[in-house]
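*Asks:* Work out the full structure, taking the sequences as your base and the hints as a guide.
2 protein chains.
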Amino acid sequence: MQDRKIALLGHGVVGSGVMEVLTKNHDSIAKKAGFPIEVKYILDLRDFPELPYHDRFVKDFNVILNDPEISVVVEVLGGLHPAYDFTKAALLAGKSVVTSNKEVVATCGAELVNLARQQGQSYLFEASVGGGIPIIRPLHQCLAANQLDEICGILNGTTNYILTRMMKAGLGFDDALAEAQQKSYAERDPSADIEGVDACRKICILAALAFGRHIYPQHVHTEGITKLTLADTNYAEEHGYAVKLLGRAVRQGDGAVYAVVAPFLVSHDNPLSNVEDVFNGILVKGDAIGDVMFYGRGAGKLPTASAVVADVIDIVKNEAHHKQMLWEDSGENLVSDYTAMTYRFYLRVQGADRREELERTFGGECDTVGGDLALITRPMREADFRSAAAAFSPLGVIRVLDD
Amino acid sequence: MQDRKIALLGHGVVGSGVMEVLTKNHDSIAKKAGFPIEVKYILDLRDFPELPYHDRFVKDFNVILNDPEISVVVEVLGGLHPAYDFTKAALLAGKSVVTSNKEVVATCGAELVNLARQQGQSYLFEASVGGGIPIIRPLHQCLAANQLDEICGILNGTTNYILTRMMKAGLGFDDALAEAQQKSYAERDPSADIEGVDACRKICILAALAFGRHIYPQHVHTEGITKLTLADTNYAEEHGYAVKLLGRAVRQGDGAVYAVVAPFLVSHDNPLSNVEDVFNGILVKGDAIGDVMFYGRGAGKLPTASAVVADVIDIVKNEAHHKQMLWEDSGENLVSDYTAMTYRFYLRVQGADRREELERTFGGECDTVGGDLALITRPMREADFRSAAAAFSPLGVIRVLDD
Numbered sequence: 001m002q003d004r005k006i007a008l009l010g011h012g013v014v015g016s017g018v019m020e021v022l023t024k025n026h027d028s029i030a031k032k033a034g035f036p037i038e039v040k041y042i043l044d045l046r047d048f049p050e051l052p053y054h055d056r057f058v059k060d061f062n063v064i065l066n067d068p069e070i071s072v073v074v075e076v077l078g079g080l081h082p083a084y085d086f087t088k089a090a091l092l093a094g095k096s097v098v099t100s101n102k103e104v105v106a107t108c109g110a111e112l113v114n115l116a117r118q119q120g121q122s123y124l125f126e127a128s129v130g131g132g133i134p135i136i137r138p139l140h141q142c143l144a145a146n147q148l149d150e151i152c153g154i155l156n157g158t159t160n161y162i163l164t165r166m167m168k169a170g171l172g173f174d175d176a177l178a179e180a181q182q183k184s185y186a187e188r189d190p191s192a193d194i195e196g197v198d199a200c201r202k203i204c205i206l207a208a209l210a211f212g213r214h215i216y217p218q219h220v221h222t223e224g225i226t227k228l229t230l231a232d233t234n235y236a237e238e239h240g241y242a243v244k245l246l247g248r249a250v251r252q253g254d255g256a257v258y259a260v261v262a263p264f265l266v267s268h269d270n271p272l273s274n275v276e277d278v279f280n281g282i283l284v285k286g287d288a289i290g291d292v293m294f295y296g297r298g299a300g301k302l303p304t305a306s307a308v309v310a311d312v313i314d315i316v317k318n319e320a321h322h323k324q325m326l327w328e329d330s331g332e333n334l335v336s337d338y339t340a341m342t343y344r345f346y347l348r349v350q351g352a353d354r355r356e357e358l359e360r361t362f363g364g365e366c367d368t369v370g371g372d373l374a375l376i377t378r379p380m381r382e383a384d385f386r387s388a389a390a391a392f393s394p395l396g397v398i399r400v401l402d403d
Numbered sequence: 001m002q003d004r005k006i007a008l009l010g011h012g013v014v015g016s017g018v019m020e021v022l023t024k025n026h027d028s029i030a031k032k033a034g035f036p037i038e039v040k041y042i043l044d045l046r047d048f049p050e051l052p053y054h055d056r057f058v059k060d061f062n063v064i065l066n067d068p069e070i071s072v073v074v075e076v077l078g079g080l081h082p083a084y085d086f087t088k089a090a091l092l093a094g095k096s097v098v099t100s101n102k103e104v105v106a107t108c109g110a111e112l113v114n115l116a117r118q119q120g121q122s123y124l125f126e127a128s129v130g131g132g133i134p135i136i137r138p139l140h141q142c143l144a145a146n147q148l149d150e151i152c153g154i155l156n157g158t159t160n161y162i163l164t165r166m167m168k169a170g171l172g173f174d175d176a177l178a179e180a181q182q183k184s185y186a187e188r189d190p191s192a193d194i195e196g197v198d199a200c201r202k203i204c205i206l207a208a209l210a211f212g213r214h215i216y217p218q219h220v221h222t223e224g225i226t227k228l229t230l231a232d233t234n235y236a237e238e239h240g241y242a243v244k245l246l247g248r249a250v251r252q253g254d255g256a257v258y259a260v261v262a263p264f265l266v267s268h269d270n271p272l273s274n275v276e277d278v279f280n281g282i283l284v285k286g287d288a289i290g291d292v293m294f295y296g297r298g299a300g301k302l303p304t305a306s307a308v309v310a311d312v313i314d315i316v317k318n319e320a321h322h323k324q325m326l327w328e329d330s331g332e333n334l335v336s337d338y339t340a341m342t343y344r345f346y347l348r349v350q351g352a353d354r355r356e357e358l359e360r361t362f363g364g365e366c367d368t369v370g371g372d373l374a375l376i377t378r379p380m381r382e383a384d385f386r387s388a389a390a391a392f393s394p395l396g397v398i399r400v401l402d403d
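Each protein sequence line maps, in turn, to chains P and E. Each residue of the first sequence is one higher than the one before, starting from 1 at the first, in the numbering used here. Each residue of the second sequence is one higher than the one before, starting from 1 at the first, in the numbering used here.
No lab work stands behind these hints, which were simulated from the structure alone. By construction, the Cβ of each residue, glycine as well, lies at the ideal position given by its N, Cα and C atoms. One should not assume that every hint holds.
[To be verified] Interface residues of chain P toward chain E, partial, derived using beta-carbon atoms under 10 Å:
no.: 1; residue: V18
no.: 2; residue: I29
no.: 3; residue: L45
no.: 4; residue: A89
no.: 5; residue: A93
no.: 6; residue: R137
no.: 7; residue: P138
no.: 8; residue: Y216
no.: 9; residue: G240
no.: 10; residue: S267
no.: 11; residue: P271
no.: 12; residue: V292
no.: 13; residue: R297
no.: 14; residue: L302
no.: 15; residue: D314
no.: 16; residue: H321
[What the hints assert, rightly or not] Some chain E residues close to chain P (C-beta under 8 Å, calculated; not the full set):
no.: 17; residue: S28
no.: 18; residue: L65
no.: 19; residue: I133
no.: 20; residue: P134
no.: 21; residue: L143
no.: 22; residue: L171
no.: 23; residue: P271
no.: 24; residue: A288
no.: 25; residue: I289
no.: 26; residue: M293
no.: 27; residue: D314
[What the hints assert, rightly or not] Estimated spans, in silico, between C-beta atoms of each pair:
no.: 28; chain 1: E; residue 1: H26; chain 2: P; residue 2: R355; range: 54 to 60 Å
no.: 29; chain 1: E; residue 1: G240; chain 2: P; residue 2: A93; range: 56 to 62 Å
no.: 30; chain 1: P; residue 1: T226; chain 2: E; residue 2: E238; range: 15 to 21 Å
no.: 31; chain 1: E; residue 1: E237; chain 2: P; residue 2: S191; range: 39 to 45 Å
no.: 32; chain 1: E; residue 1: S28; chain 2: P; residue 2: E332; range: 34 to 40 Å
no.: 33; chain 1: P; residue 1: T339; chain 2: E; residue 2: S191; range: 50 to 56 Å
no.: 34; chain 1: P; residue 1: R381; chain 2: E; residue 2: S28; range: 27 to 33 Å
no.: 35; chain 1: P; residue 1: Q218; chain 2: E; residue 2: T226; range: 56 to 62 Å
*Replies:* Here it is, written out as structure tokens:
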């Protein structure tokens, strides 16, 4: 049985995990793929003389590009460049590409998916969302009989860990972040996580697969979790909600897509409320299937590597007829005005003396939180809520996720 | 674009749901499959003169079998015969088969999967487990890079509804069952659900896919929920557990498989404990991926139909190279002796006068429940527990699911 030779771009956390999974489960993977899978080259600028496979490292991408034996390139470099450029070159050279790189997929997915189609190759990216959780393939295949109406998920494990520690251990945001960094759940520069950038890329990828058109991250209103305080999380806890950073994309009647990344109050009836610590949960609503949730570790070396390897197996197994996605490009107007959506809102304002005015303006009932007032409004269009709330200089605003 | 003609065996709940999904999402399904999908025949002994597609009904399976235009047969008859016979005949005639029939898959899956392979056709059954929840394909494809070590799931919505009502509303078993029947969650003859037979078929299918060899239902120790009382569920609630009917299959070191269907105490830390009402949850443990959970409605007309249609799309889309499963037959000795597994056990015994003896024998600490005593034992081999417990004529025994 002739083996299939692949190349790995990047030997960081995910790349070394891919080597580990391919080595450890070599025989069962060969059985599933139909052929043994061998890594012929690993592109990395560093040397790893201590590794048993140190002789496979190369520093020049052209070695890989020009080797006709390489049919699959695994890009786990991270960052937009040179990852995007290498991917495009590999596809143009008639090789399939597998990636875990959400930045490239969210930014250039439509282009690369369509280039792969033209070349008769695959561009697969199961590992780009939800780490090892199978979500891309279920969206693409298993739910194919459905019109998908909504995707709503906890897509970032770092922020979910921080929020869980605020809710359960009463830590302030800074302390919870410090703890996450200490446990290596958060990076030294945590901004991509805590500002919602990472979750935004992921909801863009999921929405593109669900709705068939590219959603660009810069069109998605994105709020992080840095403004949340213990006053907010305590109020939520006492009123039967969890606070979760959600990416949410909803099919609109007019062919547009509503998309937002922001903290939400999630009722304990909703299965997303029980997704804690570094776990991810992705809720998909289809017209036939109802609600389906996918749950698991959204990051980590081996979960992510196992998703990468599953894509490689898929390509090798189906090399005569490469799998392709439906993913069209889109213009400026696909993503709708987020302030046209209706929510109930949690609102916290300074001082205790405007209770009546608040309740009259927003409905609901004020509670005292510290020395301040908080309430959950009646359902309101976001634009209307914002203009009414401005007069109260809110200390805290969080959307409520209702069904 | 030439359409693809399929035949439907059975126009019951699932069959009519398949018609509904294929009609409603006709265009998007054609886009995904590459061809429009048309139902040419529906086999049913009844007439449905009021239906717009009444002219497609036939009563003779040979009409379908002998029509070379039919490339896919959808079997949603239920029951072992004639469903098995029709499936076999269709595969032998060079047609692919899609089914939601867990009884046929659990009983004859190895034979039919291998017949499909010999015939160069597909035998797909995503709808046989978990209704619309994508689980078969993720097990087969997405988790392919993993050695799967365990599958543990709430696989039957009827019993989960009953248990949820016992835990949350304090209903006794009979009242909760009556309520489930009133809501059409339970059948008039509920025995296949409440005795664990349905869950047993499903864990056999999942275990076969995870471990690659057929697990026959008659080799799996199966307990239902009929012996559970409010005393048991109340104790569980007070001690931080939910009571769940689980199907559990675990890879054993010696190539054997542990498999059991029984009620378990599930700690609130475990995501399965939060799966309530008629929902299903299936937890999969892989060596690379860690824990992944799939959650959704495990039954119902449209969820199940959407899983059936997804399989049809998959076959039509890939008709040049049919998808096949790895599923070997097995002998008597694949399933290990279930009493060799170690658990902690919940034990309830009559009367309050043997506290010291109980605590000395089993470890743990007795609580008074009604006028009786209950405790959770130290971890024990099931065989040892059973022989020790016999001396106390237990009123209730439930295994505890620990990690």
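*Asks:* Among all the numbered hints in the text so far, which are the ones the structure does not match?
*Replies:* Of the numbered hints given earlier, those the structure breaks are 3, 4, 5, 8, 9, 10, 18, 22, 30 and 32, listed in rising order.
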